[in-house]
Structures are given as C-alpha cells and as structure tokens.
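**Q** Sequence:
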Amino acid sequence: MKRKRRTEILINGDRNVAVTLAREILGKYVVTTIEEPNDGLVMVKVRETAKNSLFYLGEVYVTECKVEINGHIGIGILKGYDPDLTYYLAVIDAAYHAQLQETDKWKEALLAEEARINERRKKSFRKVLKTKVNFETMDV
Numbered sequence: 001m002k003r004k005r006r007t008e009i010l011i012n013g014d015r016n017v018a019v020t021l022a023r024e025i026l027g028k029y030v031v032t033t034i035e036e037p038n039d040g041l042v043m044v045k046v047r048e049t050a051k052n053s054l055f056y057l058g059e060v061y062v063t064e065c066k067v068e069i070n071g072h073i074g075i076g077i078l079k080g081y082d083p084d085l086t087y088y089l090a091v092i093d094a095a096y097h098a099q100l101q102e103t104d105k106w107k108e109a110l111l112a113e114e115a116r117i118n119e120r121r122k123k124s125f126r127k128v129l130k131t132k133v134n135f136e137t138m139d140v
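Taken in order, the sequence shown gives residues 1 to 140; the numbers are from the working numbering.
Simulated from the structure, these hints should not be mistaken for laboratory data.
Hints may contain errors.
Unchecked claim - Think about it this way: if two alpha-carbon atoms lie no more than 30 Å apart in a straight line, the pair counts; the simulated DSS-like pairs of lysine-lysine are:
(1) Lys2 / Lys132
(2) Lys107 / Lys28
(3) Lys28 / Lys123
(4) Lys79 / Lys123
(5) Lys105 / Lys132
(6) Lys28 / Lys51
(7) Lys130 / Lys107
(8) Lys45 / Lys4
(9) Lys28 / Lys4
(10) Lys127 / Lys79
(11) Lys107 / Lys79
(12) Lys51 / Lys127
(13) Lys105 / Lys4
(14) Lys132 / Lys122
(15) Lys51 / Lys123
(16) Lys28 / Lys2
(17) Lys45 / Lys79
(18) Lys123 / Lys2
(19) Lys122 / Lys28
(20) Lys107 / Lys2
(21) Lys28 / Lys79
(22) Lys122 / Lys79
(23) Lys28 / Lys105
(24) Lys2 / Lys105
(25) Lys45 / Lys122
(26) Lys122 / Lys105
(27) Lys4 / Lys51
(28) Lys2 / Lys79
(29) Lys132 / Lys107
(30) Lys79 / Lys105
(31) Lys4 / Lys122
(32) Lys127 / Lys105
To be verified - Quick list of simulated restraints, FRET-style, between CB atoms:
(33) Leu57 / Arg23: 30 to 38 Å
(34) Glu108 / Thr32: 46 to 54 Å
(35) Asp84 / Lys2: 21 to 29 Å
(36) Lys127 / Val60: 21 to 29 Å
(37) Asn16 / Val60: 20 to 28 Å
(38) Phe55 / Lys79: 19 to 27 Å
(39) Gly27 / Pro83: 19 to 27 Å
(40) Gly58 / Arg15: 42 to 50 Å
Just so you know, even glycine gets a beta-carbon here, dropped at the ideal spot from N, CA and C.
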C-alpha cells in the first residue's frame, strides 16, 4: 500500500487504528525521536487552470514529527494540532520504511478501515442528495 493512501486512512479513520499499529511497534523496537511533534505552516500550492500556472493559495497550520527505527526515518504530518496522532503516524511510516514484519499484517486492518471511511462518506452523500432540488419540476 502506498504511503499517501495509508496516511489518508490513518488520518480520516478511527484514531484507535493508528494507536494500535504504532503501539505494536513501540512495544518491540527502539524508536528514536528525531523531531518532537511541533507545529508549523505549510504553503498550499494550486494550479490555475486557465493559464496553467502555479500560485500559492495560502498557508495551512500543521503538526509534524520525525522518528527513526533501525536507521529508517518516518515522518508524520497532518493539518491542525494533534501531536499524539502525528507521532503515531511517524512511527507507522518508519516501520514501513524499515520493512518490519509487523507491517505485513496491517494491510487487512487498513483496508477494513478504508471500507468504513467510504461507507461513512456514502451515508453523508446520501443525506446531501436528499436535499437536492430538481429544477425541471419547479416550473410545473
């Protein structure tokens, strides 16, 4: 599973999934914190479609963290302030980079959480669609 997809699942899903995966690693390996969870700003780059040019839309407040496991660095970064989740994301990322054996069985848990996220989104979309107005019937 690619890093982007994995991170989106861990951020958007149930927090306990990230906590469980990270604690599994924290209990077995030495995790060295390179950069404590701290806050910062990231510039948001957007492509303007008419001229196909890039410009900076603004800044986003983020929390970021870096850890190391067996010489492999993991990075956790997310929008807003959540130092604990950022640390867990960094630990999970480092575990994947180090190709630890525990990561092999995580795919099932991540896919199950992704399915729950998708189901929540579908329910939300169905609620929105209930309020949709059919303009063709308004003139009758």
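**Q** Indicate, hint by hint, whether the structure satisfies it.
**A** How the hints compare with the structure:
{"no.": "1", "hint": "Lys2 / Lys132", "in the structure": "violated (36 Å)"}
{"no.": "2", "hint": "Lys107 / Lys28", "in the structure": "holds (19 Å)"}
{"no.": "3", "hint": "Lys28 / Lys123", "in the structure": "violated (39 Å)"}
{"no.": "4", "hint": "Lys79 / Lys123", "in the structure": "holds (24 Å)"}
{"no.": "5", "hint": "Lys105 / Lys132", "in the structure": "violated (42 Å)"}
{"no.": "6", "hint": "Lys28 / Lys51", "in the structure": "violated (52 Å)"}
{"no.": "7", "hint": "Lys130 / Lys107", "in the structure": "violated (35 Å)"}
{"no.": "8", "hint": "Lys45 / Lys4", "in the structure": "holds (18 Å)"}
{"no.": "9", "hint": "Lys28 / Lys4", "in the structure": "holds (25 Å)"}
{"no.": "10", "hint": "Lys127 / Lys79", "in the structure": "holds (26 Å)"}
{"no.": "11", "hint": "Lys107 / Lys79", "in the structure": "holds (24 Å)"}
{"no.": "12", "hint": "Lys51 / Lys127", "in the structure": "violated (37 Å)"}
{"no.": "13", "hint": "Lys105 / Lys4", "in the structure": "holds (18 Å)"}
{"no.": "14", "hint": "Lys132 / Lys122", "in the structure": "holds (15 Å)"}
{"no.": "15", "hint": "Lys51 / Lys123", "in the structure": "violated (37 Å)"}
{"no.": "16", "hint": "Lys28 / Lys2", "in the structure": "holds (24 Å)"}
{"no.": "17", "hint": "Lys45 / Lys79", "in the structure": "holds (15 Å)"}
{"no.": "18", "hint": "Lys123 / Lys2", "in the structure": "holds (26 Å)"}
{"no.": "19", "hint": "Lys122 / Lys28", "in the structure": "violated (38 Å)"}
{"no.": "20", "hint": "Lys107 / Lys2", "in the structure": "holds (11 Å)"}
{"no.": "21", "hint": "Lys28 / Lys79", "in the structure": "holds (29 Å)"}
{"no.": "22", "hint": "Lys122 / Lys79", "in the structure": "holds (23 Å)"}
{"no.": "23", "hint": "Lys28 / Lys105", "in the structure": "holds (16 Å)"}
{"no.": "24", "hint": "Lys2 / Lys105", "in the structure": "holds (15 Å)"}
{"no.": "25", "hint": "Lys45 / Lys122", "in the structure": "holds (29 Å)"}
{"no.": "26", "hint": "Lys122 / Lys105", "in the structure": "holds (27 Å)"}
{"no.": "27", "hint": "Lys4 / Lys51", "in the structure": "holds (28 Å)"}
{"no.": "28", "hint": "Lys2 / Lys79", "in the structure": "holds (20 Å)"}
{"no.": "29", "hint": "Lys132 / Lys107", "in the structure": "violated (37 Å)"}
{"no.": "30", "hint": "Lys79 / Lys105", "in the structure": "holds (28 Å)"}
{"no.": "31", "hint": "Lys4 / Lys122", "in the structure": "holds (21 Å)"}
{"no.": "32", "hint": "Lys127 / Lys105", "in the structure": "violated (35 Å)"}
{"no.": "33", "hint": "Leu57 / Arg23: 30 to 38 Å", "in the structure": "holds (37 Å)"}
{"no.": "34", "hint": "Glu108 / Thr32: 46 to 54 Å", "in the structure": "violated (29 Å)"}
{"no.": "35", "hint": "Asp84 / Lys2: 21 to 29 Å", "in the structure": "holds (24 Å)"}
{"no.": "36", "hint": "Lys127 / Val60: 21 to 29 Å", "in the structure": "holds (27 Å)"}
{"no.": "37", "hint": "Asn16 / Val60: 20 to 28 Å", "in the structure": "holds (26 Å)"}
{"no.": "38", "hint": "Phe55 / Lys79: 19 to 27 Å", "in the structure": "holds (20 Å)"}
{"no.": "39", "hint": "Gly27 / Pro83: 19 to 27 Å", "in the structure": "holds (20 Å)"}
{"no.": "40", "hint": "Gly58 / Arg15: 42 to 50 Å", "in the structure": "violated (27 Å)"}
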